[in-house]
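A.B. asks: Sequence:
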Amino acid sequence: MTAEREIAAVRRILVALDASPESMAALEHAVTLAARLHAELEGLFIEDEDLINLARQPFAREVCRLTSTVQSLDAAKLEQDLRNQAGMARNALRMKAEALRLRWSFRVVRGRIEGAIEAAAGTVDLLAIGRRQRMIEGQALGRSSTEMAKRLGCSVLMAMPTQARAQAPIAVVFTSSPCGDAALDLAQRTAREEKRPLLVIVPAKDKAEYETRRRLLEEGIGTDPKHILIRPAIGPDGQALKRALQREQPQLLVLGCDLAGQLPPELAEFAAGSNFPVLVMRGSL
837 MTAEREIAAV
847 RRILVALDAS
857 PESMAALEHA
867 VTLAARLHAE
877 LEGLFIEDED
887 LINLARQPFA
897 REVCRLTSTV
907 QSLDAAKLEQ
917 DLRNQAGMAR
927 NALRMKAEAL
937 RLRWSFRVVR
947 GRIEGAIEAA
957 AGTVDLLAIG
967 RRQRMIEGQA
977 LGRSSTEMAK
987 RLGCSVLMAM
997 PTQARAQAPI
1007 AVVFTSSPCG
1017 DAALDLAQRT
1027 AREEKRPLLV
1037 IVPAKDKAEY
1047 ETRRRLLEEG
1057 IGTDPKHILI
1067 RPAIGPDGQA
1077 LKRALQREQP
1087 QLLVLGCDLA
1097 GQLPPELAEF
1107 AAGSNFPVLV
1117 MRGSL
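This note's numbering applies: residue 837 is where the sequence shown begins, and numbers increase by one.
Hint data in this document are derived by calculation from the structure and do not stem from the laboratory.
Using N, Cα and C, we set each Cβ at its ideal position, and we do this for glycine too.
Do not rely on the hints blindly, as some may be mistaken.
Said to hold, decoys possible - Pairwise CB distance ranges (calculated):
1. Ala955 / Gly923: 18 to 26 angstroms
2. Gly947 / His874: 46 to 54 angstroms
3. Thr998 / Asn889: 33 to 41 angstroms
4. Glu1047 / Leu887: 48 to 56 angstroms
5. Gln1085 / Glu1054: 23 to 31 angstroms
6. Leu1065 / Ser1013: 20 to 28 angstroms
7. Leu936 / Thr998: 49 to 57 angstroms
8. Gln1085 / Asp1042: 21 to 29 angstroms
Can you make the complete structure from the sequences, with help from the hints?
C.D. replies: Next comes the structure, spelled out in structure tokens:
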């Protein structure tokens, strides 16, 4: 198996589920990917150990978002609420998976959110999570996802609810590397199957380097101005890349990181703060 095909192989997809809209967005994207790649879906619901322990403390209080009223935090009620949420998450996964005849499973674990996700991700090829669905040490889970992609042996899909334009493109950053080629391959397939334009951003330090990379790219994917959009991102830092993607607002951004598991700093920073779904592809180590 070549490095490119090894990176592209996705057989098991883990979806971290809760009752949030962000989690449901991650499920939508994961189901689509599973159908496209003939992968198995695994749903994971985490009973937040820190929250449960807090609810058992006599001083714990909760504030109603609607009325701002304060009341005691009931541990028994919290655990029942978590069981109800797990049931809803399982049903959502079951309905979507069965509609597309996908293999699926679902399990509930109790633990700290980040630790439980990382433990489960060790046995899958791709982790799908909702951006900002949980808070970890004051930081949204989605904002730590690029760091997770660096240290986990799987790809990471970060999703959130979006209202994309009907013809919003599938975007990919061309890096002329085996991992980047795998990202380009998946982006091409996604754009073709969803009947969307393919947007390829070509980063370069100057115009001459851009022209060289553009010609290399066109040798691989050809030219089709109606369906393939090639855009330059010229400059020493990631600002040109950021501006190019902000202008287009893609339906999905696919990034490839190298086999050492490191994203270029400008891509990592942008992926962490973008307002559209990002798929960070990573090879097996």
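A.B. asks: Next, verify each hint and record whether it holds.
C.D. replies: Cross-check of the supplied hints:
With their beta carbons about 23 angstroms apart, Ala955 and Gly923 fall inside the hinted range of 18 to 26 angstroms. Taking 46 to 54 angstroms as the suggested C-beta distance range, the pair Gly947 and His874 does not conform, at roughly 31 angstroms. Between Thr998 and Asn889 the CB atoms are about 35 angstroms apart, so this pair conforms to the stated range of 33 to 41 angstroms. Our hint of 48 to 56 angstroms for Glu1047 and Leu887 holds, since their Cβ atoms are close to 54 angstroms apart.
Checked against the given bound of 23 to 31 angstroms, the beta carbons of Gln1085 and Glu1054, roughly 25 angstroms apart, stay inside it. Checked against the given bound of 20 to 28 angstroms, the beta carbons of Leu1065 and Ser1013, roughly 21 angstroms apart, stay inside it. Hint check: Leu936 to Thr998, Cβ distance near 21 angstroms, so the stated range 49 to 57 angstroms is violated. The hinted window of 21 to 29 angstroms between Gln1085 and Asp1042 holds, with their beta carbons roughly 27 angstroms apart.
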